[in-house]
Amino acid sequence: MTHLLEINNLDVKFDTDEGRITAIDNVSLTLDQGKVLGIVGESGSGKSVTAKSIMQLNPGNTIYNDNAEIIIDDENVLKFTSKNDLKKIRGGKVSMIFQEPMASFAPAIKIGYQMVEQLMIHKPMDKKEAKNISIDMLNRVGIADAEKRFNQYAFELSGGMRQRAMIAMALSTMPKLLLADEPTTALDVTIQAQVINLMKDIIKEFNMGVIFITHDLGVIAQVADDVAVMYLGSIVERGPVNEILKNPKHPYTRGLLNALPDINNLDAPLKPIPGNIPSPLDRPSACVFRTRCPDPTHDCREGNTEMGLIEVSPGHWVDKCCVNCG
Amino acid sequence: MNENIVSVNNLSVSFDYQENFLSKKQKIKAVNNINIKIKKGSFFGLVGESGSGKTTLGRAILGANKISQGNVIFHDDEKDYDLTSITSKEMKEYRKKAQLIFQDPYAALSPRMTVRDIIAEPLEVMKITNSREETDERVRDIAAKCRLNLEHLRRFPHAFSGGQRQRISIARALVSNPKFIVADESVAALDVSIQADILNLLKQLQEDLNLTYLFISHDLSVVAHVCDIVAVMYLGHIVEMAPSRELFSNPRHSYTKALLSSIPSIDPENKSKAIELQGEIPSAMNPPSGCVFRTRCPNPTHDCKEGNIEMGLKEVSPNHWVDQCCVNCG
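Residue numbers (numbering that gives the first Met the number 0), protein chains in the order written: chain L, 0 to 325; chain W, 0 to 329.
Mixed in with the good hints there might be a few duds.
As a list, the in silico DMTMM-like pairs of lysine to aspartate or glutamate whose alpha-carbon atoms are at most 25 Å apart [what the hints assert, rightly or not]:
#1 W:272 - L:242
#2 W:256 - L:266
#3 W:270 - L:181
#4 W:272 - L:224
#5 L:270 - W:103
#6 W:272 - L:181
#7 W:96 - W:135
#8 W:28 - L:155
#9 W:270 - L:180
#10 W:202 - L:266
#11 L:245 - W:266
#12 L:245 - W:218
#13 W:304 - L:144
#14 L:203 - W:268
#15 L:270 - W:266
#16 W:272 - L:200
Listed next, with one range per pair, are the computed distances between beta-carbon atoms [claimed, not checked]:
#17 L:59 - W:158: 22 to 30 Å
#18 L:293 - W:123: 39 to 47 Å
#19 W:298 - L:85: 45 to 53 Å
If you're looking for bench data, these hints aren't it; they were derived computationally from the structure. The C-beta atom is built at its ideal place from N, Cα and C for all residues, glycine as well.
In isolation and in its complexed conformation, chain L is listed as follows:
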């Protein structure tokens, strides 16, 4: 079976005034239909850049490597340049939900108009049909009084409702692949719980593939089937969610888990990961994690190892250099 999405050897670099910086280094991953892939990592680890590459939403100073492939439906979407091709991945086959629902709606245009407009761009239908689908979608995501909300502006909706409307809008074109970039981070916990349950139901119903980006491992544990842990532009560990969270092999994954306050064990001390994320301008050579690794092997500390994932148990991939580190 072919995968819904296949990313091979993706490098992303940005040309900035201070020099060329590496945002993504040799990322490969696959996603099947109906599955949720969680991407976790700290800010600056390249989670959002990976997702934006799929829709080619990175800014103009972005440089992709030549042998990189992002394959959806046997087509390398990285090679798309024409408006018509780009339309297919921007809102057609792929939709994205952003973190800040206030910033993602135009403030001076009614929600309904924005939903109808994008539907008509992607699907051959008239205004009336688009309106019916939009209102139906708003109902589906649990917005009461959908017809009234349809004619309101984003500022008239509360945070949770705005995020629901955003989800409704992203789903109305029936995308095959949904990119959710920190969709619950700006929400309160009680609203987060509502939105997570809603997304789980919808993923099941529409049988989409979802990339769910978050820095919250708790959210990942609840929604994802597979997890990829990113650090400074590289995937350092990847596998089924159960395996990664219960049997983490990479010191960074273990560090993230230890740093998390556990409500069931209040006596456990909070263990931060020592040091700071290095600036992308001076990315460590060889293993990127070696400057913060609690117990690196000699070769690793000296920068003599190469990065690359190896399979330690079925489906569980870890960066080979860190398998032997503390």
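With chain L held as given, fit chain W onto it using these hints.
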């Protein structure tokens, strides 16, 4: 000597609101009839969703919001400061003793000042030190306590990561040698690996400098870890208050229970569904009558549903206070 450092008595804070210039002025009660006592040396947590009045309460305690009703008293060693009748001279003294750490370390630091100047500014504004040498010494001293590298003092904030910036903000808040700190969502903008570091630093500084914190957060697992006593706020009211272990092991208010169950479990096999609260927090402009939580309560008693009950905290076990109306709700 008083064992408390701050007493808040029947405090209400309201804001004027006018829909447009023709309509009548309304009062919005952001904080409603709050009574808390913060013990010296404690780590007092305040949790609740956005719009629950946490920040307004914190700011009122610092004298940054006008008090509409009730009072706030700060008990210093020699004298008490009553914020409702404070003179501007006393207010200046009070500012040295009570300080605020902000949420977003990216917005809180001026990009045009060096770290040294940022930390030294309160000393100069409050005229605490008399010479540049003295100022420098105080700055170096507090920077070392906040685990900042001394050579960082010459640099500008843009050179630092979020965690380092938050340490600079903490140093700036502590340089006037305050006794009481309001930390408003001070770790919310940080990554988990850095968050643990800042929380440990706050704990360490509390021991070293004898501080008392009012720690405002929406993250219950963080609060559970650092705070001794926790108050849960909902729509301007404190609905439950207890020592943190008691609160987290034995929550009595249905809102607290819902909040606790909403924390996503790190165990993928633990799919226990959160107690899903219906709807969203009502607008403070038009709060429900009687118990403010009744519109979202999963299982309200009959009287509660009808809005016949008055709110008010009741002690259900030693030091564990719950809103009287919700003790019997589901």
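TODO: If any of the earlier hints don't hold here, list their numbers in rising order.
DONE: none
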